[in-house]
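In the order they appear, the protein sequences are chains H and U. In terms of numbering that gives the first Met the number 0, the first sequence has 222 at position 223, counting the first letter as 1, and numbering is strictly consecutive. In terms of numbering that gives the first Met the number 0, the second sequence has 195 at position 196, counting the first letter as 1, and numbering is strictly consecutive.
Mixed in with the good hints there might be a few duds.
Stated by the list, open to error - Capping the alpha-carbon separation at 30 Å, the derived lysine-lysine pairs in DSBU-like fashion look like this:
#1 U:K341 / H:K296
#2 H:K201 / U:K310
#3 H:K115 / U:K104
#4 U:K114 / H:K115
#5 U:K310 / H:K115
#6 U:K341 / U:K201
#7 U:K104 / U:K74
#8 H:K114 / H:K104
#9 U:K115 / H:K114
Stated by the list, open to error - Chain U regions said to be covered by chain H (calculated; three or more residues, Cβ under 8 Å):
#10 19 to 33
#11 92 to 106
#12 220 to 227
#13 299 to 313
#14 318 to 324
Unchecked claim - Have a look at the derived ranges for each label pair, beta carbon to beta carbon:
#15 U:A223 / H:K310: 22 to 30 Å
#16 U:Q297 / H:S308: 33 to 41 Å
#17 U:D179 / H:E294: 27 to 35 Å
Hints in this document: simulated from the structure, not taken from any laboratory. We put the beta carbon where it would ideally sit given N, CA and C, even for glycine.
Protein chains: 2
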Amino acid sequence: MLESFVLREEDAVRVNHEELREVTTALFQKVGVPSDDAALAADVLLMADIRGVDSHGVSNMLRNYLTGYQTGRIKPLPEWRVVRDRPSTANIDADEGLGIIIAPKAMEMAIEKAKKTGMGVVTMGRCGHVGMAAYHAMMALPHDMVGVCMSAAPPQVLPTFGAEPRLGTNPIAVAVPALDEAPFVLDIATSVVAVNKFRIAKRLGAILPPGMVADMEGTPIMEAGPVPDEFLSLPAGSLRELGSHKGYGLACVVEILSTVIGGFGFAARNTRESPGGFAHYVAAYDIDAFSDVGEFKQTMDDFLRTLKSTKPAPGHDRVLVPGQLEAENTVERTTTGIPLHKEVVEWFRSTCAELDVPCSL
Amino acid sequence: MLESFVLREEDAVRVNHEELREVTTALFQKVGVPSDDAALAADVLLMADIRGVDSHGVSNMLRNYLTGYQTGRIKPLPEWRVVRDRPSTANIDADEGLGIIIAPKAMEMAIEKAKKTGMGVVTMGRCGHVGMAAYHAMMALPHDMVGVCMSAAPPQVLPTFGAEPRLGTNPIAVAVPALDEAPFVLDIATSVVAVNKFRIAKRLGAILPPGMVADMEGTPIMEAGPVPDEFLSLPAGSLRELGSHKGYGLACVVEILSTVIGGFGFAARNTRESPGGFAHYVAAYDIDAFSDVGEFKQTMDDFLRTLKSTKPAPGHDRVLVPGQLEAENTVERTTTGIPLHKEVVEWFRSTCAELDVPCSL
Numbered sequence: 000m001l002e003s004f005v006l007r008e009e010d011a012v013r014v015n016h017e018e019l020r021e022v023t024t025a026l027f028q029k030v031g032v033p034s035d036d037a038a039l040a041a042d043v044l045l046m047a048d049i050r051g052v053d054s055h056g057v058s059n060m061l062r063n064y065l066t067g068y069q070t071g072r073i074k075p076l077p078e079w080r081v082v083r084d085r086p087s088t089a090n091i092d093a094d095e096g097l098g099i100i101i102a103p104k105a106m107e108m109a110i111e112k113a114k115k116t117g118m119g120v121v122t123m124g125r126c127g128h129v130g131m132a133a134y135h136a137m138m139a140l141p142h143d144m145v146g147v148c149m150s151a152a153p154p155q156v157l158p159t160f161g162a163e164p165r166l167g168t169n170p171i172a173v174a175v176p177a178l179d180e181a182p183f184v185l186d187i188a189t190s191v192v193a194v195n196k197f198r199i200a201k202r203l204g205a206i207l208p209p210g211m212v213a214d215m216e217g218t219p220i221m222e223a224g225p226v227p228d229e230f231l232s233l234p235a236g237s238l239r240e241l242g243s244h245k246g247y248g249l250a251c252v253v254e255i256l257s258t259v260i261g262g263f264g265f266a267a268r269n270t271r272e273s274p275g276g277f278a279h280y281v282a283a284y285d286i287d288a289f290s291d292v293g294e295f296k297q298t299m300d301d302f303l304r305t306l307k308s309t310k311p312a313p314g315h316d317r318v319l320v321p322g323q324l325e326a327e328n329t330v331e332r333t334t335t336g337i338p339l340h341k342e343v344v345e346w347f348r349s350t351c352a353e354l355d356v357p358c359s360l
Numbered sequence: 000m001l002e003s004f005v006l007r008e009e010d011a012v013r014v015n016h017e018e019l020r021e022v023t024t025a026l027f028q029k030v031g032v033p034s035d036d037a038a039l040a041a042d043v044l045l046m047a048d049i050r051g052v053d054s055h056g057v058s059n060m061l062r063n064y065l066t067g068y069q070t071g072r073i074k075p076l077p078e079w080r081v082v083r084d085r086p087s088t089a090n091i092d093a094d095e096g097l098g099i100i101i102a103p104k105a106m107e108m109a110i111e112k113a114k115k116t117g118m119g120v121v122t123m124g125r126c127g128h129v130g131m132a133a134y135h136a137m138m139a140l141p142h143d144m145v146g147v148c149m150s151a152a153p154p155q156v157l158p159t160f161g162a163e164p165r166l167g168t169n170p171i172a173v174a175v176p177a178l179d180e181a182p183f184v185l186d187i188a189t190s191v192v193a194v195n196k197f198r199i200a201k202r203l204g205a206i207l208p209p210g211m212v213a214d215m216e217g218t219p220i221m222e223a224g225p226v227p228d229e230f231l232s233l234p235a236g237s238l239r240e241l242g243s244h245k246g247y248g249l250a251c252v253v254e255i256l257s258t259v260i261g262g263f264g265f266a267a268r269n270t271r272e273s274p275g276g277f278a279h280y281v282a283a284y285d286i287d288a289f290s291d292v293g294e295f296k297q298t299m300d301d302f303l304r305t306l307k308s309t310k311p312a313p314g315h316d317r318v319l320v321p322g323q324l325e326a327e328n329t330v331e332r333t334t335t336g337i338p339l340h341k342e343v344v345e346w347f348r349s350t351c352a353e354l355d356v357p358c359s360l
């Protein structure tokens with residue numbers, strides 16, 4: 000599917016990731032974000048670009064974040080605080096700080112809790128966008144832990160049989176360390192496709208396969224075609240017959256464990272009262288609390304290799320494991336640069352000029 | 000989808016659930032299960048029948064469990080033990096005890112840990128089948144907790160693009176208390192459909208919609224038709240374009256957090272060495288560790304009502320929430336009885352006669 004969204008070579012400019020990081024950090028600082036937080040925010044965006052998750056990298060997200068700071072929707076100096084705290088859990092009121100900055104701090108807390116009790120879970124609400132959820136889950140990896148991140152977003156997705164959006168794309172990310180294999184990193188929207196990706200698809204003129212979106216009455220569109228001007232987003236599974244109640248149900252779980260559990264209402268209601276507003280969940284499992292870490296990593300290698308060596312079905316050349324393409328992209332993009340649409344590079348140049356930020360791109 | 004699998008009235012015999020419980024308990028005792036554990040096992044099966052989850056009730060599962068005890072595959076008196084224990088986590092070697100008996104004990108431990116630390120997670124391996132995963136998750140409800148149960152089964156399901164089964168149907172269940180609304184209870188296989196349900200569908204001569212199964216080469220069958228004699232099971236999403244990598248990835252997560260993390264290998268390898276063998280994960284989140292329980296339940300009611308009052312898409316009369324149909328079934332079946340296929344009632348009678356167990360059915 001994503002293949003059809005790939006940036007055409009003639010539209011692409013390859014940009015060095017360190018230069019891109021520098022400019023991105025400077026832009027965050029310019030809108031009032033302290034230097035440590037600005038570097039962190041840039042790191043989250045850049046990791047998405049480096050891993051090939053363009054939907055959550057600078058092209059799609061940075062403008063939105065900067066506008067948020069400029070209009071006051073996101074606070075550069077939020078007074079975030081822990082509202083409840085137990086040995087293995089905490090809940091944070093993020094005071095409208097940006098999720099890509101707050102979630103890593105929450106994940107650090109979860110990791111500390113996991114060291115002490117075996118498991119740590121931290122929720123946060125009244126928060127901005129979380130970026131690529133896998134970033135936060137992957138923070139667990141160097142600690143020999145399994146990391147989880149879920150994020151509840153404003154309503155864009157239909158419930159099964161429904162004609163009105165009630166849930167966000169509500170992604171689930173899980174990161175698991177291996178030994179010599181790349182880590183297992185799953186990062187999936189609970190909708191058919193993250194809505195972000197439709198923006199890219201539309202920009203690139205991609206043709207969508209059947210079952211990707213519904214019409215404005217809620218009926219799934221079962222013919223292939225370009226991204227419609229107006230559409231509604233379906234839960235993963237597309238149709239009830241094929242399991243759309245699974246995507247719908249998991250989106251509810253993300254909403255409950257991120258937003259409702261923290262006392263932050265729920266997205267469909269919050270949006271009526273005040274637009275925007277995300278809530279997130281991060282967790283860390285200390286592998287040593289369950290079994291031997293060395294054996295675990297060896298078993299993960301065996302497990303991943305068993306999956307990768309599965310005989311492919313006709314028409315396919317290999318079976319992938321979650322995180323494999325992203326690991327391949329990381330090698331490629333840190334060497335040859337991040338491919339940005341030339342319009343995105345133009346945007347960087349003009350925004351830097353406007354905000355009086357030096358731009359090496 | 001499930002509608003097409005419903006038992007035809009002319010084949011059904013309505014059986015009182017308490018009589019069915021009594022006979023089921025007696026049969027477990029007859030194969031050596033202690034009386035408390037026999038009553039627990041019967042309770043797990045009966046809750047599936049009462050909630051209308053026939054795939055995991057007595058019809059489909061009891062014969063399998065009894066045979067397991069009779070052949071020595073399942074131990075009636077397992078010496079299960081906690082191999083690692085931390086304040087919020089534990090890992091159990093179940094010594095081939097039946098999952099429907101071990102998992103509730105593990106969930107009790109998780110609940111105790113959640114009371115103390117906010118969160119409890121218990122994994123178990125070298126274990127028998129878990130039954131309806133929702134049973135264990137729902138144990139959290141009276142404690143004002145969110146319950147989770149996941150179960151990793153022997154390989155039956157293809158990875159995306161693969162031609163060989165590598166993962167189980169690996170269900171995920173989540174139960175969340177509400178105030179006046181029925182609790183939110185999600186219980187979904189990470190495959191398109193639990194393989195159990197195909198057995199029922201075949202018995203009932205149901206027609207499967209496109210995308211439900213793959214042929215023996217791994218290619219999804221995209222025409223409607225009866226359950227084939229031979230087929231391979233697809234991950235939820237059916238096709239890569241529609242998100243089958245999500246079902247596949249979540250099945251991996253269930254495998255990792257149930258089997259691999261506990262040091263019990265992984266299903267695809269275990270099966271080659273020794274057939275059978277499940278691993279499970281249960282978790283409890285103490286809602287009070289995150290926010291006010293009373294407000295939480297009120298918000299859950301509001302959330303569920305908002306979902307249920309969503310305008311339906313053309314051709315549908317209502318939007319359901321997870322657990323709603325099962326709550327409706329519970330009211331109906333505890334009043335009018337459990338509908339069993341007449342062949343199942345015959346099986347009970349002959350099995351009871353064989354094992355010298357009184358049978359009131």
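Numbered hints the structure breaks, given as an ascending list
1, 5, 10, 11, 12, 16 and 17
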